[in-house]
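**Student:** Those sequence lines, one after another, are chains A and B. Reminder that position 49 of the first sequence reads as 48 in numbering that gives the first Met the number 0, one-by-one numbering, no gaps. Reminder that position 39 of the second sequence reads as 38 in numbering that gives the first Met the number 0, one-by-one numbering, no gaps.
Source of the hints: derived by calculation from the structure; they are not laboratory data. Zero decoy hints are in this set.
Computed spacing ranges between beta-carbons, pair by pair:
no., chain 1, residue 1, chain 2, residue 2, range
1, A, E248, B, G200, 41 to 49 Å
2, B, Q243, A, V135, 51 to 59 Å
3, A, N203, B, T216, 38 to 46 Å
Virtual Cβ for every residue (Gly too), placed ideally from N, Cα, C.
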Amino acid sequence: MTAQDSGKPLLQAHGIAKHFSVRQSGLGPFGRKGLLKAVDGVTLSVMPGRTLGLVGESGCGKSTTGRLLLGLMTPSAGEVQFDGQPLAKAGTAEWRQQRQLMQMVYQDPLGALDRRLTVGRQIGEPLEIHHPGMTVADRNERIVAEMAAVGLQPHHAERYPHELSGGQRQRVVLARALILQPRLLVCDEPISALDVSIQAQVVNLLLDLQQDLNLAYVFISHDLKVVRQISHDVAVMYLGRIVEYGEAESLFRDPQHPYTQALLAAIPSVVRQGAPRIAPIQGDPPDPANPPSGCAFRTRCPRATALCAETAPALQTLPDGRQVACHFVTPDTASRPGRVAA
Amino acid sequence: MTDIATQLPTETEPADRHAGMKRFFAAYPPGVLLGLSWILLMLILALGADLLTPYSFTAFDLKARLQPPIGMGGALNHALGTDELGRDVLSRLIMSIRMSILIAFFGTLIAACMGTLLGLMAAHFRGKVEAVILVMIDFQASMPFMIIALSVLAFFGNSIVLFVVLMGFHSWERYARISRGLALSANEQGYASAVRQLGAGSGRIYGRHVLPNIASTLIVSMTLTFPEIILLESGLSFLGLGVQPPLTSLGNMVGYGREYITRAPWIMLAPSAVIVLTTLSISMLGDWLRDRLDPTLR
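Isolated chain A (complex conformation):
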């Protein structure tokens, strides 16, 4: 957990954006074509062996960001660098080679597994793809070892995905992702489809694996408690942009952006004591195909003024390294902990 690596970042994203062309709602098939900015200028970096938590409401672009970071989609703008090298174009041979270093863990493990193949075969499949010369005996040895590492019994190898429990399936997905010893794992809501008791098991497994293998995680979730437990850094997203980005513990203790404050206020008993009560956020986020002018959060922000409707706030770095995009949070005002200066 404390592996503080001050070297080069493993993964770096510079202003990545993903725009989809959609029809405006309301007019059905005759609607005007619009541009949905699912992700709009996200810059972040992940150090080796560290975890970046990506949080936000549904539809804020977390998952799209995760897919962009892995190169599963080509960004409309910006660039992702892995270990100093730009990611290859999706589908090319070079891109396929890069898969050995970075893997994805899915929200729905049953959907991510082929129900016609035994679990053992599927865990070994990355080896078949990337090391076709490997003998069957060697491969089976690796499969059993990897299954043991994620806490599966050897006899599970002969089972089919539907014969396993949800937690076991997620372990299978993890074993498949880890068998090539990648350096980065993007976990897209890896526990939200699991029972609460199994969530804890999987989170602990992720923490253990990180310690043993010096893995870097991008952990996408809307479960703030788990994100707080697992992350070193946290980026809070709202409508495709990062609104607050910083070291996890201080961000959760002392949120600066009104959106982060509202998000944290929505979880029971985390920041309640002592701190002034902030009303949990109301309503739904605006339509991302038709975002409000200026600051995207102003329609739901308790502090919004005319300035917010005119100009979108840029991310500013505070003295402690935190980045916040809000007109009311500047390096001068941030010294007062716990509240936003008026």
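Based on the hints, put chain B in the right spot on chain A.
**Tutor:** Below, chain B without anything else, positioned relative to chain A:
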């Protein structure tokens, strides 16, 4: 009970033999066994037609014209009776089975391969390739196949090879639609995108994962088109555009037997019964096969 028997297989006790039988019939229901035996019989007849026919299927026996079959007052020398020219119905039936099964089998195979390939191509390449394939599918689906068949046969004449290929063009668009839709949904989310993300090439994704997963749907579709092709062939032969005399097929027999339906119904009834039984058997077998191929239903 069957569950316990599966877990503890011992062969010595007689009580277990009962359980074993039960298990066997649970896995192979009697209807499926009957269908399977019928199809096997058809295949044996088709393969050994030259050896099994008691007479040449074109041999006349003008003295024994319209002789009824055994059971309707006939004699042993023509077990299923004779037609208006005194040709042995049993011999003609066996040759017809061979011809119809050949046409339906290869027709289905051609349609399934072509349709699946085009569907997967559309799902893989998207864009222009997909647009072209979709237009082809729509064209095929909107045009009554009978009209296409009639015009092709009218322009290019009739040969067995052309006829089989033409049958292969029947219903390929169904396979193309099914495979495209299923491959698209697999690509978009789930196991196929997960495997692609592992770094797998297209061959592995489609060959190892997508195709086996959509195969059950395609197989069911094949068991639906197989009878359809038999019926289509029968229809075209009935119209005189399919298999040409002296060659014979099931539909051809039904077509020419129609004129004698009141005086000698056996000429038409024998091939009709074979058509019904074969199509029924194949449908039952396809249903059963679909369940057997799905590990989640085991």
